[in-house]
Amino acid sequence: MREFMDGAEAITRGALAAGCNFFAGYPITPATPILLRMLRELPKIGGVGIQGEDEIASIGMCIGAAMTGAKAMTATSGPGLSLYSENIGLGIMGEVPLVIVDVMRLGPATGGATTVAQGDVQFLRWGTSGGFPVIALCPTNAAECYALTQRAFNFAERFRTPVFIATDKEMISAQQSVETSTFENIPIADRARAPAEGEFVPYRVKRLADTPLFSPIGGAHLVRFTTSMHGERGILTKKPSNVNKTSRHLYEKIEAHRAEFELVAFDAPERAPTVVVSYGITARSMIEAARDARAAGKKVSTLTVHSLWPVPARALRDALRGATRVVVPELNFGQYRLEIERIALALDPRPQVIGVNRVDGELITPGEIEEQIL
Amino acid sequence: MGRQGETIEPVERMDGHELAETSPHHPMDRLLRRDRLPHIWCPGCGLGTALNCFLGAVIQSKLDVDQIAIVSGIGCSGRVAGYVAMDSFHTTHGRAIPFATGLKLANPKLKVVVFSGDGDLIAIGGNHFIHAARRNMDLTVICVNNFIYGMTGGQLAPTTPTEARTSTSPYGNRDHPFNLAYLAAASGAAYVARWTTLHVRRLQRAIGEALQKPGFSFVEVISPCPTLYGRWNKQKTGLEQMAFYKEHSVIQHGADPRQADIGLTGQIVVGKFVDVEKPSYLELQRR
Numbered sequence: 079m080r081e082f083m084d085g086a087e088a089i090t091r092g093a094l095a096a097g098c099n100f101f102a103g104y105p106i107t108p109a110t111p112i113l114l115r116m117l118r119e120l121p122k123i124g125g126v127g128i129q130g131e132d133e134i135a136s137i138g139m140c141i142g143a144a145m146t147g148a149k150a151m152t153a154t155s156g157p158g159l160s161l162y163s164e165n166i167g168l169g170i171m172g173e174v175p176l177v178i179v180d181v182m183r184l185g186p187a188t189g190g191a192t193t194v195a196q197g198d199v200q201f202l203r204w205g206t207s208g209g210f211p212v213i214a215l216c217p218t219n220a221a222e223c224y225a226l227t228q229r230a231f232n233f234a235e236r237f238r239t240p241v242f243i244a245t246d247k248e249m250i251s252a253q254q255s256v257e258t259s260t261f262e263n264i265p266i267a268d269r270a271r272a273p274a275e276g277e278f279v280p281y282r283v284k285r286l287a288d289t290p291l292f293s294p295i296g297g298a299h300l301v302r303f304t305t306s307m308h309g310e311r312g313i314l315t316k317k318p319s320n321v322n323k324t325s326r327h328l329y330e331k332i333e334a335h336r337a338e339f340e341l342v343a344f345d346a347p348e349r350a351p352t353v354v355v356s357y358g359i360t361a362r363s364m365i366e367a368a369r370d371a372r373a374a375g376k377k378v379s380t381l382t383v384h385s386l387w388p389v390p391a392r393a394l395r396d397a398l399r400g401a402t403r404v405v406v407p408e409l410n411f412g413q414y415r416l417e418i419e420r421i422a423l424a425l426d427p428r429p430q431v432i433g434v435n436r437v438d439g440e441l442i443t444p445g446e447i448e449e450q451i452l
Numbered sequence: 423m424g425r426q427g428e429t430i431e432p433v434e435r436m437d438g439h440e441l442a443e444t445s446p447h448h449p450m451d452r453l454l455r456r457d458r459l460p461h462i463w464c465p466g467c468g469l470g471t472a473l474n475c476f477l478g479a480v481i482q483s484k485l486d487v488d489q490i491a492i493v494s495g496i497g498c499s500g501r502v503a504g505y506v507a508m509d510s511f512h513t514t515h516g517r518a519i520p521f522a523t524g525l526k527l528a529n530p531k532l533k534v535v536v537f538s539g540d541g542d543l544i545a546i547g548g549n550h551f552i553h554a555a556r557r558n559m560d561l562t563v564i565c566v567n568n569f570i571y572g573m574t575g576g577q578l579a580p581t582t583p584t585e586a587r588t589s590t591s592p593y594g595n596r597d598h599p600f601n602l603a604y605l606a607a608a609s610g611a612a613y614v615a616r617w618t619t620l621h622v623r624r625l626q627r628a629i630g631e632a633l634q635k636p637g638f639s640f641v642e643v644i645s646p647c648p649t650l651y652g653r654w655n656k657q658k659t660g661l662e663q664m665a666f667y668k669e670h671s672v673i674q675h676g677a678d679p680r681q682a683d684i685g686l687t688g689q690i691v692v693g694k695f696v697d698v699e700k701p702s703y704l705e706l707q708r709r
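Heads up: the protein sequence lines correspond to chains A and B, in order.
For the first sequence, my numbering gives the first residue as 79, with consecutive numbering after it.
For the second sequence, my numbering gives the first residue as 423, with consecutive numbering after it.
Source of the hints: derived by calculation from the structure; they are not laboratory data.
Only a predicted model underlies this, so the values are computations on that prediction, with no experimental measurement involved.
Incorrect hints may have been included.
Said to hold, decoys possible - Just a few of them, taken from the derived set where beta-carbon distance is under 10 angstroms, the chain A residues facing chain B:
#1 I128
#2 A148
#3 V301
#4 I313
Unchecked claim - Label pairs and their in silico Cβ distance ranges:
#5 A/F411 / B/R709: 49 to 55 angstroms
#6 A/Y329 / B/A665: 51 to 57 angstroms
#7 B/Q489 / A/L114: 31 to 37 angstroms
#8 A/W204 / B/R596: 34 to 40 angstroms
#9 B/R556 / A/T443: 44 to 50 angstroms
#10 B/R556 / A/T188: 22 to 28 angstroms
Built from N, CA and C at the ideal position, the CB exists for glycine as well.
Only chain A is shown next, with the shape it has when bound in the complex:
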């Protein structure tokens, strides 16, 4: 069926399809449409939606709900994400499954509430203290909003960590004509639970890269969850060997599974000297630019990055190998270009990396990208 739909609706539908049953959020343009939809839809399926008194409360409520076993989501924009920061850290440290939608608007601070940008890309990666790895997915259209939201929940469950969906004002609020019958339904993953019998140790893992078994607050076992550096029993620790183990575990449980997060779309009909790499709303201009360039007889490949963090390094290396020119359009000063440059540095021949950047609240046009395809 063909429907007229914005990204907010596609994300909401994807969340419900993934089993989301708790949402808390605070009104903020341009993320509010997700709040409105979730608060309307969740009671119909026996879920809970609540408007917090601020962003700090909203993410806190989600984390509390998640630790009873709920699948929780929240949505915000840059200013709210700033306020989420500490509790994103709790989500990492306490191993809390949680999905956070960031609808990017022009920053810093209050910035431009109704103005599109992609300025939070590195903020998502480094936005809480400690520098531990995070997962961030990035859809380019409504169908991907639907599918990647489900994947975000599955990753959150499997790795018990906050997972971001990086979107932007245009993606969320622009209505698109979409064929919903082709929407992809991903098999639902649930966090691994501890058996009801036997001893339960809340943060015990066999290997550092494992995710601990879950037992809910109010469930069969005595549980203790904490935001502080802890040993496997969730008790505060300063003992270097324990601290090291927990730190390494929080790192390894994401980094050792990087292959699972390599979500990209590589469009390379033939070997091309120029590769354009982009993501989100800007990837749509890139795809149009490539189509126009090819029609004009130019050779170009495109790589759409659907998993911004961890960086899909293998897919990027494969796509960039042999290219002489890499064009990276994005709505910021070149945040993801930094990552592409890191990859390019290790390649021989080393391709030149060129940014196409706008920070004026306007989208990058296909023409601006095509100019860089030689």
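Position chain B against the provided structure of chain A, taking the given hints into account.
Only chain B this time, still in chain A's reference frame:
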């Protein structure tokens, strides 16, 4: 399923203390994590008394201990969550109430108790406190008010009486303090009581009532901090602070909480100030 039969192995302690010798017959044993004792609180601190009253109230209430969740923030009071043999969540500074709200909404069968201090709940967490009270959210909040930040070194709290000395008010406090009972009542709490750690039986009874109360119930526990607050404000020991409570406490049930300010000197009005019937958040959600 039962927790009573569960063996708790001794765990490494960060402070290197030996594990406490505890009587196998102590009435609170089944509610405490014996492997975590002795606690870190200073001699003369009121937190142990407050915890004891809470556990006494839990036993008396006949609540299913497996269905109680304790949420705490940061600070000396935040350690309570680590000592009780109940499901517990040790959260970021000031945010215990939002986490507790999420727990309660996602699993309404839980009895969710927030056990924290005045700095955590009322300064950094003040916004959550007033809004949870306004919503009449189904939570019991126990606030141990020692008028100061203990764990971080005796800084000014939003409860510190005017002119009191703290490490960040070396020339005396120029702020006016919050009157927590009045704040809770004005924000919409269904149950508000205040006792000192001297009034152990009344405090235990109040916590018991709070645990049974639908909606937002609030118990303020006035508690000594001789190490910091007392030492700098002419009450050098816990005993002196308790003697101060004995001399200055005035029991006035039903008193107007507006009239129950606490100063550096002067009386401490204690009692049950608010106990009203009003639809709780969950009741309104069910309608």
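Here's how the hints hold up against the structure:
{"no.": "1", "hint": "I128", "result": "holds, 6 angstroms"}
{"no.": "2", "hint": "A148", "result": "holds, 4 angstroms"}
{"no.": "3", "hint": "V301", "result": "holds, 5 angstroms"}
{"no.": "4", "hint": "I313", "result": "holds, 6 angstroms"}
{"no.": "5", "hint": "A/F411 / B/R709: 49 to 55 angstroms", "result": "holds, 51 angstroms"}
{"no.": "6", "hint": "A/Y329 / B/A665: 51 to 57 angstroms", "result": "holds, 53 angstroms"}
{"no.": "7", "hint": "B/Q489 / A/L114: 31 to 37 angstroms", "result": "holds, 34 angstroms"}
{"no.": "8", "hint": "A/W204 / B/R596: 34 to 40 angstroms", "result": "holds, 39 angstroms"}
{"no.": "9", "hint": "B/R556 / A/T443: 44 to 50 angstroms", "result": "holds, 49 angstroms"}
{"no.": "10", "hint": "B/R556 / A/T188: 22 to 28 angstroms", "result": "holds, 26 angstroms"}
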